[in-house]
Every structure is written in structure tokens, then in C-alpha cells.
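Using the hints provided, position chain B relative to the given structure of chain A.
Number of protein chains: 2
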Amino acid sequence: MKAARYYDRGDIRIENIPEPTVAAGEVGIAVAYCGICGSDLHEYVDGPIFVPPAGHPHPISGESAPITLGHEMSGVVYELGEGVTDLKVGDHVVVEPYILYDDVDTSENNPSYHLSKDMNFIGLGGRGGGLSEKLSVKRRWVHPVGDIPLDEAALIEPLSVGYHAYQRSGAKAGDLALIGGAGPIGLLTAAVLKAEGLTVVISELSPLRRQKALDSGVADYVVNPAEQDVVDEVAKLTDGKGADVAFECTSVQVVLDTLFDAVKPQGVIVVVSIWGHPASLDVQKLVLKEVDLRGTIAYVNSHPATIKLVQEGKVDLKPFITAKIGLDHLVDEGFDTLIHHNETAVKILVDPKL
Amino acid sequence: MKAARYYDRGDIRIENIPEPTVAAGEVGIAVAYCGICGSDLHEYVDGPIFVPPAGHPHPISGESAPITLGHEMSGVVYELGEGVTDLKVGDHVVVEPYILYDDVDTSENNPSYHLSKDMNFIGLGGRGGGLSEKLSVKRRWVHPVGDIPLDEAALIEPLSVGYHAYQRSGAKAGDLALIGGAGPIGLLTAAVLKAEGLTVVISELSPLRRQKALDSGVADYVVNPAEQDVVDEVAKLTDGKGADVAFECTSVQVVLDTLFDAVKPQGVIVVVSIWGHPASLDVQKLVLKEVDLRGTIAYVNSHPATIKLVQEGKVDLKPFITAKIGLDHLVDEGFDTLIHHNETAVKILVDPKL
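Protein sequences appear in the order of chains A and B. For the first sequence, counting from 1, position 207 maps to 410 in our numbering; every step adds exactly one. For the second sequence, counting from 1, position 288 maps to 491 in our numbering; every step adds exactly one.
These are calculated hints, taken from the structure and not from any lab test. The beta carbon of each residue, even a glycine, is placed where N, CA and C say it ideally should be. Worth double-checking, as some hints may not be accurate.
[Claimed, not checked] Footprint (simulated), chain B over chain A, 3 or more residues, beta carbon under 8 Å: (1) 467 to 474; (2) 484 to 494; (3) 498 to 508.
Same shape as in the complex, but just chain A (with noise of 0.2 Å):
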């Protein structure tokens, strides 16, 4: 079968490896769709960063490079691994693609199994990966979506990450939420409040991205910080009081030191991006004013909930696809648009069939 595959930083290629075997306890997923994530982008550029370099094998998963990328992945189940009845041949399914050692609780009384030791992810730290036909996947970490259409499924991994995100702010219905960066995490962060009845403001410096955020509906106002008070802005929305909760999507400094002044006393800032290097923090802000800044990785027990969101129709994806291209394209077409046309791309879907 087709398979993307990570060597080394600017190093992918299209290969033809043999197809997984699925295991006892596994499901066989043929990949529908598989969303490129900015992990897989930091990769190519500036990595190996997840992707365990050639010799240095990760201690769960035992591979290191070449590793199969690809974890924003929708399919249909094709073989059930002896011992798995919950599911069936044809069921439409999403992966939470995390490897983890064995003796993690991964149960739902665990909140943070995410943060265990040597925690990496399918499409990233081995066992297979969505930028291919097939992978074999843990019953553990397979949901089935119902009448989710796959290509909007393969959207459900990074909806979660803005689920996990809403869950750390301690954001609740009537707050007023503000987002800095309207990038896909951003853009995603921003569907789930809505859907969860939070005012959302996005600040956002591209023209472009602020467009899809009003159109898509997952916006209630937008604020260009070229040109306006963001601080200001939000004054005026809230009161004079400030953002009940922030959430930091650009990994820019100005950005976090924005969010410090738009939010109230005892507010929350979350980020939830990926940052490659120090902030400088103003301590006397963060005690004056007693904020709350918390960080955010990931998901853990997310899926159901954000699958939910979808299936009732709180959160439309469909804005959010904006190419589907094929895994032979996938440098020249996904990633060269990501990294080049970024302001109109949100997410590229691959399709390993065409």
C-alpha cells in the first residue's frame, strides 16, 4: 500500500509498504481521509521533533525513522482483531491517536493519561499513520462517528484539541471568550465555544482568515490589532470588565501580552499553541491582577464529547476543508500551500484513494 513516510527534516516520501496486520484487540481502519496537521509541517521544516530520529527507536513504540505520518484520520473499519465485538466491518470511525505504555489507566477516571512518560503519537511516533491506506489501530483508541461524513470526521482530531483546550479555560455558557489567531486551532477552539454558548471574539492580523472566522460563523467579532485596540475592543464588549477566558493560537509574544490586558481580573489564559522559545512573562500582571495561565496539550477523554457536538450539529466543519488533494501531492500541494499560502488554507485533506 501507499504510505507517506518522515526520514529526515525535508525528507518525505510516497513509498509502497506492506499493509498492517491487525492484531488481537485491534481494528483494521481503511484511512478516508487524513487532515495535515502544523506538527506534521514543524516536522518537515524544523523537526525530527516527535518523530523518533533513524537509530534512536521511541521506547513504546520501537520504531524510529522512516515512520508513516499522518493522525487527523477518518476511515472504515475492514478487519476486527480477535477479542474486539463492540464494533463492525464497514463502522465509520476517528482515531485518538495516542501511544502510550500499557500500564497507563486510560479510562475515563483518568484525566491526564495524555501526560504519561514517553507519550507520542500514531502518524508521529510509529504504528502506522493516516497519510497511508490502512493502519491497525488499539480498540482503545478508535470511536466510531455514525453518520459523519469522512471527510469532515478527519476534522474531529484537531476539534478536540480546541475541546481539551475549552475544558482547561473552565469556560462556561455566557462567558466572553478571546481568541488570539484564527489559524486552523484557533479557527477550531472558536467552533467549540460557540457551540458550548460563549461570546467569541478573534483578533487576527490576515484579512482572510478573518473573513472564514465571521463566515463560518464560529466568530462573533473580529478585531484586526493592525489597526484596533484589541484591549479597547473587548472593554467595550464586556463592560469595561475584560475576557471572562483567552486562548493563546499564534505562539507570538505580543499576542500573549494582549491577551494579559484584555482579560479580567482572575481570568484565564490558556495557549494552546506550540511555542520555540521563551516568553518573556510580566510577573506583575500575572499577580495583580491574578491571572490564571494554564497550558493545554492535546486531548484526553475528548472525543465522545466532540463527536457529539457534531452529530447535533453544533459544530459545522464542512467551512474548515478547504482542498483535497492526493498522497502523491501531498509535499507539493499540502504542505509547499501550508507553509506558502497560509492565509486562505485551513485544512488540506488527503485522500490516499485518488
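Showing chain B alone in chain A's frame:
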């Protein structure tokens, strides 16, 4: 009456000023003891900070330098203003020293009255101070202390800072807390945490301060970061998990970095100290460990619970009173000792009758 008046940086004078008048709704308090706070030292060395400089009256108090200092006071009620009927002359009291606009909701339903606009402190922003013989305070800010000895009662105010930091942390009995720094606020925060059933580890360079933390009973373990690996020591005490909560009480970068490494995933770090400079924030640690970094300042509705801890004998404040001096020696025996010999001094109390 005698009072310590702050004129400017390095210029504090002991002067004779008129006694306060006790207006309607106020309580006249004859000061028994008043502690010297780190904030007072900052005003003396680096100020004016909270003190409104001469010619720039504070918008609420209308006062500017010279200002009577002192906000950690205990005393005896000597006069009741019109309409105050629930206290009597002779009652022992402490002051929650807020200066707030009259329209701020200061009921227990408001968890953030201390963060309201232009907030300042009695003894820094005007309205008299504890480093004098008498002051008159609105009934709302007067808390009876029953039979708590008046010298110990003067430590209720900084203990309330520790109590509010504990509240901000969300810590609970059975948790392990790591405190960076055993200065007065580190020690008093430890006292609250110990009283609330936590296991307390303090990291502190000074051997004398470490000894005080052990002798006073507020620390279960002390660590010398110059010779021991704080992260390893905490890991040993927590089966490798990390501290549940941590308190930054030093305003030193390496301490903040250590707390990030020593807390568990999804652990909470509360910044209690006042930083005069920005911190460097390793955002990757915040995000990939889902750390929760929270600011805390002063207290809000914290005094009643703090007083109860002392009344019930759960906190013993005696070990933290290291000297008693007269008002005339505020600078030479008080400020200079704290600035130059602060390893042995914890709280120096000023007795205006000496």
C-alpha cells in the same frame, strides 16, 4: 500622636501628627503592634510604589506623601463611630487594610473586591497606618480576634496573604506542596498549608531560614538547592509523580524554573512574590505538562478563616516574631535589620508605646 511618615525613597520620619477623628461607621483603634512588611521595605528602598508621591493624590483616599506607614496591625478599640453597634470599646481587633471605592461590592459574594480599580492599602495609600499610635478604620475592614495575643494578631495580615495563596492554589489535604523560599511569606504560606493538612517541602538557600522552617513546625522537609536536586527530592517524596502544588515566594528566575520541573503534570504553581522584572517562561513546559500558573495578591474575604486557624491552635505565630522595637527605632532597628540581616529576622513588630 507619634507616627512613621513616608516622605520619599529613603526618607521616613517619626513625627507628631494629630490624632484621627472617628467618623460615622468607623472604629477607632489604639495600635498594639504593627509588623514591618516587605512592601514597606520596597517603598523605602525602591519606592514610592504604592505610596502616592507628593502632588499626586490617590484617587480614592485623596492623600499623597507624606503618608503614615504600616498595614500589619493589631490593636484595641478605643472609640466607636456613629452606627457601629456590633463591636465594643476594649475589643481586640486586626485590620484588613483596603482602600476601595465606595461602590465596590465588598461582601463575601464578591471574590475579587481586592482587584477593583485603584485599590490601595491603608498604611501605604493613606487613611492612617499601623506605624502610629492610633487610626480610624471603616467597620468593614475591622476583624475581632477574641483572645489571640495582640503581638501574634499583628501577623494575621501576612498570614492572610498565605491563606489566600492557598485558596488560589486549589490545594487540598493530603497534597504535597513545594514552597520556593522561606522568607516571611514563604513561612506563613507553609503554616497555612500545614494547618490545612498538606505535606510541606521548602526549598531555601539560607541554613538559618531552613532551620526556622523546621523548628516552627511548618515544613515537613527542607531542601538546600545549592547541594540537593530539588526536583529529585520531591520526586522521591511523591513516588516520582511530582508536587501537587508549588508556591513561588522569592521572585528569582531559577526558583520558578525549578517549580515548573518539580510539579506534577497538571500541577499548579502560585506566584506569591512581587517581581520587579519580567520572568522568562518556558512555554513548552507550561503546555506539554499542562501546568497552571496562577497569580495571587493580598487577600479577599480571607481574614475570618485565617483568624479561625490561629484561634483553633492550628497555626502558631509565636515562632515568627523575632523582635519588638519602638517606633523611634523603626529605621535603624527595623528596616536596616531586615535589609542587612534578613536571615535571622522573620517579623519585627513595632510597639508604638515603647
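Here is what the structure says about each hint:
Counting residues of the segment 467 to 474 of chain A whose CB lies closer than 8 Å to any CB of chain B gives 3, which reaches the minimum of 3, so the coverage claim holds. Only residues whose beta carbon comes within less than 8 Å of a beta carbon in chain B count, and the segment 484 to 494 of chain A has 11; three or more means the coverage holds. A count of 3 residues in the segment 498 to 508 of chain A with a Cβ less than 8 Å from any Cβ of chain B is obtained; the coverage claim is therefore met, three being the minimum.
Hint compliance for this structure: every hint is met.
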